[in-house]
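Asks: Keeping their order, the protein sequence lines are chains A and B. Taking this note's numbering, the leading residue of the first sequence gets 25, the next gets one more, and so forth. Taking this note's numbering, the leading residue of the second sequence gets 446, the next gets one more, and so forth.
Hints are computed from structural coordinates only; laboratory data are not their basis. Take the hints with a grain of salt, since some may be wrong.
Stated by the list, open to error - Listed below are the simulated SDA-like cross-link pairs for lysine to any residue, each with C-alpha atoms no more than 20 Å apart in a straight line:
#, chain 1, residue 1, chain 2, residue 2
1, A, Lys104, B, Leu744
2, A, Lys226, A, Leu214
3, A, Lys104, B, Pro763
4, B, Lys769, A, Asp109
5, A, Lys104, B, His760
6, A, Lys226, A, Phe249
Stated by the list, open to error - Chain A regions said to be covered by chain B (calculated; three or more residues, Cβ under 8 Å):
#, stretch
7, 319–331
8, 343–357
9, 370–382
10, 404–415
11, 492–504
Where a beta carbon is used, it is the ideal one built from N, C-alpha and C, also for glycine.
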Amino acid sequence: MSDIARNPERDLRDTGLEQAQLTALLLRLWRTPDGWLGSLTSVDHKVIGKRYILTAFAFLVLGGLLAVLMRLQLAGAERKMLSPDLYNQVFTMHGSTMMFLFAVPVMEAFAVYFVPLMVGTRNIAFPRLNAFSYWIFLFGGCFLWIAFMFNVGPDVGWFAYVPLSSLQYNPSKRADVWAQMITFTEVAALAVAVEIVVTVFKQRAVGMTLDRIPIFVWAMLVTSFLVLFAMPSIMVASTTLILDRLVNTHFYDTASGGNVLLWQHLFWFFGHPEVYIIFIPGTGMVSMIIATFAGRPVFGYTMIVLSLIATGFLSFGLWVHHMFVTGLPQLGASMFTASSMLIAVPSGLQIFCWLATLWDGRPVYRTPLLFVLGFFAIFVLGGLSGVMVASVPIDMQVHDTYFVVAHFHYVLIGGAVFPLVGAIYYWFPKITGRMLSERIGRWNFWLAFVSFNVAFFPMHILGLMGMPRRVYTYTPEMGWDNLNLLSSAGAVVFAASFAVLIVNVILSLRRGELAGDNPWGASTLEWATSSPPPPYNFARIPMVTHRDPLWVDSGTLPVVAGLSVERREVLLSSIADAEPHTREASPEPSIWPLLTAIATTVFFVGSIFTPWAVVWGTPPIAIALSGWFWPTGSKEDEG
Amino acid sequence: MHKSSGQMVFWLRSGLAVAATCVLTSCTGWQSSFNAQAAQSEEIKRILLIFIAVSTVVWVAVMLVLLCGLIRRRARREQPLDISEAFEHRAGSIILLAGIATTITVLALSVVSYGAQRTVFANDPGTVTVKVTGHQWWWEVQYQGDSPHLSFTTANELSVPVGQPVTVQLESADVIHSFWVPSLTGKMDLVTGQQNRVQFTAKNPGVYRGQCAEFCGVQHAHMAFTVTALPPDEYRRWRDHQNQSAPSPSDPLGIRGEQLFRARGCGLCHTIRGTLAGGQLGPDLTHIGSRETIAAGTLPRNSGNLAAWIADPQHIKPGNLMPKMSLRSDELIAILHYLEQLQ
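Full structure from sequences and hints, please.
Replies: Shown next, in the form of structure tokens:
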């Protein structure tokens with residue numbers, strides 16, 4: 025397969041080659057094979073990143089349609105559009121889809137695409153694992169949605185509290201589908217987290233010391249560690265739930281000494297960091313966009329990075345605030361009040377740094393910055409209502425009401441989706457080579473910003489007026505009709521704002537203005553290569569001498585030479601100082617990650633029907649993994 | 446013609462009734478955190494207002510700084526990396542101060558919160574203890590008096606004396622529910638295999654609505670209840686009345702209703718004290734005739750609603766655990782007549 029296998033003596037390097045010859049050789053070496061079969065073997069982080077982003081957005085659209093259905097049902101009292109059984113499936117599917125199939129994957133997808141470009145390397149670490157991760161994510165998401173189409177959609181909430189999700193109260197396969205979907209998405213998320221950590225630690229361009237790493241990369245590094253430490257908790261939870269349901273263990277069976285609050289501890293030990301897994305990448309995007317459109321480096325780089333790390337640590341110490349009304353000891357609960365409120369400090373510091381950047385910079389009001397400004401208004405409000413729900417007595421009133429629904433939509437849509445849409449406008453030119461329409465972008469922003477607030481602000485009031493969450497209807501005498509109608513109207517328009525985004529993407533793909541390498545005049549390495557980037561990312565690996573390499577006024581970027589042009593190679597560097605260490609082979613395209621993912625899917629899906637699937641499902645996976653890791657005769661293992 | 450005009454009157458009347466209730470409830474807010482009617486809910490409302498005020502000030506301040514930062518006039522910057530040392534230094538100091546202010550604010554709010562928490566959870570020796578057990582999708586209510594003959598069971602409607610601390614012990618018969626009457630105090634979960642408690646002291650007489658606040662399955666939305674706060678002497682009268690067994694029916698239709706109630710198996714799930722009906726799966730119906738609502742706060746109790754409910758409970762509250770009984774209309778009338786006598 026690789027030249028080196030056939031001709032081990034030859035060792036052609038990029039050192040003395042002409043640019044044209046070099047790019048031709050690199051293109052032949054790094055491109056994804058032709059044809060649809062070839063495309064299935066791709067291990068290019070950009071190809072997989074794009075698939076990941078598009079798939080996550082498809083799930084966003086599906087989850088958003090469910091939200092619209094719910095809002096139509098709740099637009100008036102005692103409406104009968106959705107039956108209670110269907111409504112419960114719909115709100116569970118909405119939450120599960122948005123959290124597990126959209127928010128976490130889309131952030132990881134952006135990292136898969138951009139982290140290698142931002143750190144100046146040719147591919148992500150463990151590219152085949154990356155391909156495997158995408159297929160597992162895709163199959164897991166399809167599994168959940170196909171089950172929903174067959175009326176086996178989970179109906180126990182995205183939190184699946186026991187004993188409601190136990191076999192006794194949920195005898196169909198619905199809760200199993202939920203629990204196994206978790207397994208799929210967690211495997212996918214853990215794989216990407218490992219890749220990001222290794223890419224950031226070992227594959228940074230020479231000279232990109234720790235204090236020169238772009239903030240989005242820092243954010244994704246912290247996020248990846250959160251994934252690594254939080255996800256095992258939910259895997260334990262979902263696995264024990266499946267065991268209880270499938271082979272009659274008693275983890276959550278109170279009659280046999282099990283404990284139902286154990287589930288809540290395990291779930292929220294994951295579930296709270298989960299919020300930061302979604303939000304921290306959003307802050308990373310905000311930092312990047314603000315620096316570019318304020319036209320200066322973001323203020324307080326060190327403070328922002330330390331805030332990100334502090335947020336990551338603190339996020340593991342808050343989970344109990346989801347359980348304030350379960351009858352915990354009062355002093356213990358109040359400790360979690362203080363820790364929950366304290367996480368406002370690092371978030372606040374980041375906001376102050378961004379305000380200082382905008383204050384000192386010269387803001388250019390393009391669509392990405394508009395979405396970031398919208399982020400300020402919405403996220404700060406959501407953060408403040410978060411301080412409110414951190415208080416035990418206040419939480420006793422607002423917990424599990426629409427106040428909390430309002431709060432976390434302000435935090436998650438404000439803190440993650442607004443920066444994300446800004447990031448789409450910001451990086452679309454890099455991914456596709458064309459600009460998104462600025463005119464449609466402005467419509468998109470104002471439509472989204474106004475309708476978001478119309479949809480979600482009234483929910484604060486509804487919650488204080490006593491409207492609980494997860495109710496499929498309410499009686500007319502409660503007096504909740506008007507605000508619900510207003511909220512529903514806002515939700516429909518908010519959904520339409522995403523249609524505007526999609527239209528903009530489709531139109532701009534065809535006839536958007538050509539972008540060029542660096543349309544915004546940004547400072548980070550992803551803008552140093554062409555738009556879209558070639559399969560090998562950089563013809564020569566850049567060398568970094570400054571935190572904002574493209575803003576340093578020195579003409580051209582210094583580069584590193586000496587990498588092979590006959591086999592796929594990446595440059596490994598030291599963790600702290602990014603000194604060049606060694607050349608490492610990077611894997612060729614392979615069909616085995618897909619085959620392994622299919623075998624794994626059969627195993628996962630089969631095991632919700634019979635424990636024997638664990639037995640007969642294992643050999644195909646072992647065979648596929650053997651194919652994956654079969655020695656190819658190169659000097660080193662391809663991994 | 447006659448029929449349609451009758452219908453029109455019906456729609457008109459129900460329309461007026463709905464309008465009237467809307468106006469009335471928006472005034473009283475009978476399930477609102479802001480309609481605080483007990484010591485505990487007043488304390489929560491107090492700190493809620495403090496938090497809202499602080500949050501508003503902070504939000505407005507951040508937005509003002511952002512706005513000023515965006516619109517202020519500034520010098521031209523030749524190159525993005527031309528950073529003024531003086532600005533970096535000054536902004537760094539301001540941010541440090543703002544960070545310290547943020548820390549002090551959230552710590553102060555934590556202390557305020559903890560103070561309120563102590564008030565809300567203050568453990569008064571309760572003069573009235575009620576045990577509430579959550580079921581899918583109704584509330585079993587057991588009053589535990591000093592002596593066994595003062596203990597009785599009812600469902601979905603509690604009454605409490607004004608001015609006396611009431612302790613509610615919370616348990617679940619199946620999945621997790623949450624007991625929440627915003628006008629009286631915050632919610633507390635009914636956790637399977639665990640006993641929780643919550644306490645409140647109603648300040649004013651009135652009917653306060655509550656609702657299950659933890660998702661508990663298909664009819665979570667229709668799991669409401671009311672707490673009626675009564676002056677102490679009225680409360681004692683209510684309690685003594687509830688404590689009595691059901692009166693035996695005296696008229697032939699009522700007697701037939703009682704027989705049918707047993708013959709059709711209603712008594713396998715429902716208890717009517719003083720009769721052979723002793724089922725434990727559904728609500729106690731001993732005094733169903735004096736309740737305000739049926740089906741856990743879903744419908745006002747009147748003959749029409751009660752008949753509709755008995756005829757087809759699945760139509761009104763789909764998925765609830767009461768099966769549809771195939772009753773002839775005369776049987777239905779007899780059972781209805783009997784139940785309405787259970788005052």
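Asks: Next, verify each hint and record whether it holds.
Replies: Comparing the hints with the structure gives:
1. Lys104/A to Leu744/B: Since the Cα atoms of Lys104/A and Leu744/B sit roughly 16 Å apart, the hinted pair holds (cutoff 20 Å).
2. Lys226/A to Leu214/A: Judged against 20 Å, a Cα distance of about 18 Å means the pair holds.
3. Lys104/A to Pro763/B: Holds: Lys104/A and Pro763/B sit about 11 Å apart, inside 20 Å.
4. Lys769/B to Asp109/A: The hint holds at about 18 Å.
5. Lys104/A to His760/B: holds, 11 Å
6. Lys226/A to Phe249/A: Holds - the C-alpha atoms of Phe249/A and Lys226/A are around 15 Å apart, at most 20 Å.
7. 319–331: holds (count 6)
8. 343–357: With 5 residues closer than 8 Å to chain B, the stretch 343–357 of chain A meets the three-residue bar; holds.
9. 370–382: holds (count 8)
10. 404–415: With 8 residues in contact (Cβ-Cβ under 8 Å with chain B), the coverage given for the stretch 404–415 of chain A holds.
11. 492–504: holds (count 12)
Checked against the numbered hints above, the structure violates none of them.
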